[in-house]
Amino acid sequence: MWGWGLIVITAVSGEPFQKTLIDRATNLNVASWSITSREVCSDACDAWKVTKSRLAGGKQEGVDVIEIDSGRLRILVVPTRGMGIWQVMDGDVRIGWNSPVKEIVHPSFVSLPARGGLGWLDGFGEFLCRCGLENNGHPGRDTIKDNTGAESSTDLTLHGKLAYLPAEFVELRAETTAPYRLMLHGIVAERMMHGPKFCLDTTLTIGPGSHRFHITDKVVNESASPAEFELLYHTNFGSPLLEAGSELWAPTRKVVPFNDRAAEGNIHDFAKFGPPEVGFVEQVYCLELFGRDNGMTVIGLANKAKDRAVSMKYKTDQLPYLTLWKNTTAIEDGYVTGIEPGTNYPYNRSLERLAGRVPKLPGKQHRLFEIEFAFHSSKDEVAGLQKEIEAIQAGQATDFIPKPNPPKAESSR
Amino acid sequence: MWGWGLIVITAVSGEPFQKTLIDRATNLNVASWSITSREVCSDACDAWKVTKSRLAGGKQEGVDVIEIDSGRLRILVVPTRGMGIWQVMDGDVRIGWNSPVKEIVHPSFVSLPARGGLGWLDGFGEFLCRCGLENNGHPGRDTIKDNTGAESSTDLTLHGKLAYLPAEFVELRAETTAPYRLMLHGIVAERMMHGPKFCLDTTLTIGPGSHRFHITDKVVNESASPAEFELLYHTNFGSPLLEAGSELWAPTRKVVPFNDRAAEGNIHDFAKFGPPEVGFVEQVYCLELFGRDNGMTVIGLANKAKDRAVSMKYKTDQLPYLTLWKNTTAIEDGYVTGIEPGTNYPYNRSLERLAGRVPKLPGKQHRLFEIEFAFHSSKDEVAGLQKEIEAIQAGQATDFIPKPNPPKAESSR
Amino acid sequence: MWGWGLIVITAVSGEPFQKTLIDRATNLNVASWSITSREVCSDACDAWKVTKSRLAGGKQEGVDVIEIDSGRLRILVVPTRGMGIWQVMDGDVRIGWNSPVKEIVHPSFVSLPARGGLGWLDGFGEFLCRCGLENNGHPGRDTIKDNTGAESSTDLTLHGKLAYLPAEFVELRAETTAPYRLMLHGIVAERMMHGPKFCLDTTLTIGPGSHRFHITDKVVNESASPAEFELLYHTNFGSPLLEAGSELWAPTRKVVPFNDRAAEGNIHDFAKFGPPEVGFVEQVYCLELFGRDNGMTVIGLANKAKDRAVSMKYKTDQLPYLTLWKNTTAIEDGYVTGIEPGTNYPYNRSLERLAGRVPKLPGKQHRLFEIEFAFHSSKDEVAGLQKEIEAIQAGQATDFIPKPNPPKAESSR
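Residue numbers (my numbering), protein chains in the order written: chain G, 1 to 413; chain W, 1 to 413; chain R, 1 to 413.
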């Protein structure tokens, strides 16, 4: 395993190849560029290719995308949308989902406050979309400090700004000695005067030909004063991985329906997925997981035949709350499940604060988050994943709570 | 007449010339391009020219425009603003209006929710501006389904999003055999997750040297579930066609003032226009029209001398409600009239729903809308138009309602 | 002194060099360009250089900037942000401030209504940022005329739109005869249908090698009807000019704390600045100044050693109200003071109207505003400035009001 608890990019042996692609400090944004392993490490490493290009047409005009083709996985990263990952191709199989939003929408076409704070949904289509950093979750009233320093009640918008902020810095690093890893490093700033001054420093690491990749994220509070933040990894899967008979595997300590709609189903079936259903209304579940002694946990989504799965490995002390979003509506309307580790559940921040689930970063401090994604494409690999997850559960009972239990203010309990 | 009830573009004989100008699927947006009849049909057809260019400077930075010069009419279409028509030049005469907004404003400079939902007015300047598709009309509270599937009260914005959505696909087709028609085909998507999934598929058709052109619009509901929609063709005329003594000709079944301000005038004079008046406050009228047996109706706006007019021909079963917007304010403030066939009147959608004027499209279905515009530039042509319209009225009485009758909820009647 | 009460650009002797850099009317925006004195006036004038360039990376993608290097001062003007001045370099010393917003943010990445109308703060970082024109000051409810001509209550946004509007016209003029002045002339339009139709016509004038420059602004009401407006010059200073021991020098007739927070300090110390303090909450003071007989006044900000200062000279009949914004928070959070002459104080417009501080422009009229900035870099120059300001005070007493006195509606007094 790679560098858990380290910033991977500092662990490189030898002098890596380095190319800056975006840098606001030097007024740089390379519109079109590509490089192959042959140019960097000749025949010493397996064939890989990295390509940066700029989209055109409709609401994707001006969007920058970077494809990392590791030889096996092809990962499409979108600097213009907060370094989100649009999709991962595992050979011919697309891991991601078919959002009704068919373009990779440029932030300039979206007004987050629109439609009661749901403007974020105008561009939502990622495989991995980070939600935060000032807040994530449902729109609605919460208290902020306004420009005069006074407490002021305002409307938060769904899932925050992060996915609609363009990266201010992006560089590719490629090791020139074994294990010849590729590292895509980006910085996304969520800064304002009289408000949050956050920075997401993210590195995606993958080895040539590998079936897995690693995300190392630092959330930095650039302010001299402490600041609340929220971060949720909105990871989304549609067809073909998601189908009737797909299953979520997770070492589950506790599961609670998010609201009355989620409570309609049998809570014991929360991990099973149905086929696309016209008019299906989303069901959301709030999970807590078991981890190994070091806090590491593993979750997976497997297809019906159990010959294809994607897994996520992370530490529950970094990301203690897992949200499962089951949205098995018609294909046309976005048949998808979201498997979303976070610092919190997606209730409005005002409620999450009541529940003690809004972390605070001291001034000039950062917090580290890491997730490793792996793509399993045979019965054996999938069976191995299932065993690994069962070993973490280790026979410990799951607490199935049938009724929703949203955070409540003292006065309304 | 051309292909009423057909998608005109499918009726082409021979192999037409085809050029794709914008296509998000292939990541294409041709910045600058032009073609003439000589290159397509040599001397066989009358001279025409089509030019695509990109604007710069101020709030028009990055806006794509396409001019179709048919030999007589020059039509300026704006893909970046929902395939609206900015103006039509009939020889030296500009048909359109002088909006105080002097740029063709790029959507990225406009926030629709701003100023109480009136942000749309920051860029309004079109000859033909489509209003919709989730809603059009006045801003204000209405119920939507939010991201959880719950009914939620939110603020709609004036006239919806459609005019602020860039086309995701645009192609020119030109027939290479008689009648050598030009067809500009565009697709504008109004899609979001957990919300409307509409598509406007529009074709503008004109023959070389013709004094008329034809709009064929399909509104497609891409969702698997039914969806309400609203569509209004905000067609606007200023000087020189609009002047003191100009008249609207329409086979009018019924006319009602929109509000108390409109009721201030003599309802029998609703069709007559005055000169520019400083500080004039708009007067709006709600009309229902007579049509021929097949539902076709014709309306026109004629100047004082009755030697110039523009007419619109359409079917009242497609567009049952006609809104007349008289805004004869000072030239500097936008001296203009809007003649606006629609599926509804421009009351807030919550009111239009009460009146039964919000149509619903079943899942994966579309509805067709067609309008033919004709430009008349002699006393004889204008007299002919007047006769055509009178023939539809055919002596049938108009119901003049002097008091406004806005839709009301049961409880408030 | 230069042309007070004149539009300077009309006062040029001889045929000046002229270059249009942005013009929406001719569809022009020169991406990259520069010129030097050598090309314009050979060796006759001191060396100067003007450069236009376009930024890239992060939220500054597509922003146009123009640097005027006069030989001594280098002034960075941002056409894309309402012709604001980002910073002034006086030799090696940067006059401006270190906003936590590190990019020169493009308007398309900002939604002004966001976060309770505080979206403006997402891009605030200028040395000189004009606030207006429909309104400036605090966000919150006020009455506007809506699209129907009715009085409607809506939320104004912080400091208005002006800093988020791209210039529609920019030209450089350079005199080819003595005194060889450079003039950067820009037009920024704040126009909408059914709303304000303003235009800012601004000229920045500087002589080769000069330590001062002159701003001549015309605010034009293009409407035929009268219109309220507000204009405030948000001029901002951070390190090194601002430090513990810096002082504001101003011939002060009256000073009142803006709110209870500002009243916490000793009102007699309002003009003294402290060091950066983590968590410091801004203190704002409302000043009225004395002027000379002709209304001209001078104010200055001097560093602790009194060997560096910046001064502003303007007429109190043009800009009767001066706001002092003391925001001596941590460096990381924006250690800054704003010295802000305006037509009003930054209370919400609804309050300013009650106080009679919202001016009205008749239809098709303009009003003139002029400010001269000078940069003093020796003890002698700074002492001279102090004497000039004391001479205006001329021993007249300052009225120190210890309690805030915000405008109140009659009913709530």
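Check each hint, because a few of them may be wrong.
Identical chains share a label here; the pair holds if one copy fits it or two copies do between them.
What the hints assert, rightly or not - Keeping only pairs whose Cα atoms sit at most 35 Å apart, straight-line, the calculated DSBU-like set for lysine-lysine is:
no., residue 1, residue 2
1, K49, K254
2, K19, K403
3, K102, K49
4, K379, K102
5, K379, K360
6, K408, K306
7, K304, K145
8, K49, K145
9, K379, K408
10, K272, K364
11, K360, K145
12, K408, K145
13, K315, K102
14, K379, K19
15, K379, K313
16, K408, K304
17, K408, K360
18, K19, K145
In case anyone wonders, no lab produced these hints; they're calculated from the structure. Since this is a predicted model, take the numbers as computed values, not measurements.
Outcome of the hint check:
Within a single copy, K49 and K254 get their C-alpha atoms no closer than 43 Å, and across copies no closer than 68 Å, so neither meets the 35 Å cut-off. Within a single copy, K19 and K403 get their C-alpha atoms no closer than 52 Å, and across copies no closer than 58 Å, so neither meets the 35 Å cut-off. Proximity of K102 to K49 under the C-alpha cut-off of 35 Å is found in both arrangements, the shortest distances being 25 Å within a copy and 33 Å between copies. In this assembly of identical chains, K379 and K102 lie within 35 Å of each other by CA distance solely inside one copy; the values are 32 Å within and 51 Å between copies.
In the homo-oligomer, the alpha carbons of K379 and K360 never lie at most 35 Å apart, since the shortest distance is 43 Å inside one protomer and 47 Å across protomers. Taking CA atoms no more than 35 Å apart as the test, K408 paired with K306 passes in neither setting, with 40 Å inside one copy and 57 Å between copies. In this assembly of identical chains, the alpha carbons of K304 and K145 lie at most 35 Å apart only when taken from different copies (32 Å versus 49 Å within one copy). Neither within a single protomer nor between protomers do K49 and K145 lie at most 35 Å apart by alpha-carbon distance, with minima of 46 Å and 44 Å respectively.
In this homomeric assembly, K379 and K408 never come within 35 Å of each other (Cα to Cα): the closest approach is 45 Å inside a single copy and 63 Å across copies. When the C-alpha separation of K272 and K364 is checked against a cutoff of 35 Å, the pair qualifies only between copies, where the shortest distance is 28 Å, while the shortest distance within a copy is 43 Å. Proximity of K360 and K145 under a CA criterion of 35 Å is satisfied in both settings, with 15 Å inside one chain copy and 33 Å between copies. Taking the shortest Cα distances, K408 and K145 sit within 35 Å of each other both inside one copy (22 Å) and across copies (24 Å).
Taking the closest pair of Cα atoms, K315 and K102 come within 35 Å of each other both inside a single copy (33 Å) and across two copies (33 Å). Taking the closest pair of Cα atoms, K379 and K19 never come within 35 Å of each other, the shortest separation being 39 Å inside a single copy and 48 Å across copies. Taking the closest pair of Cα atoms, K379 and K313 come within 35 Å of each other only inside a single copy of the chain (20 Å); across copies the shortest separation is 64 Å, beyond that limit. Neither within a single protomer nor between protomers do K408 and K304 lie at most 35 Å apart by alpha-carbon distance, with minima of 39 Å and 53 Å respectively.
Within a single copy, K408 and K360 get their C-alpha atoms as close as 20 Å, which meets the 35 Å cut-off; across copies the closest is 39 Å, which misses it. Taking CA atoms no more than 35 Å apart as the test, K19 paired with K145 passes in neither setting, with 40 Å inside one copy and 46 Å between copies.
Violated hints, listed in ascending order, are 1, 2, 5, 6, 8, 9, 14, 16, 18; each of the other numbered hints is respected by the structure.
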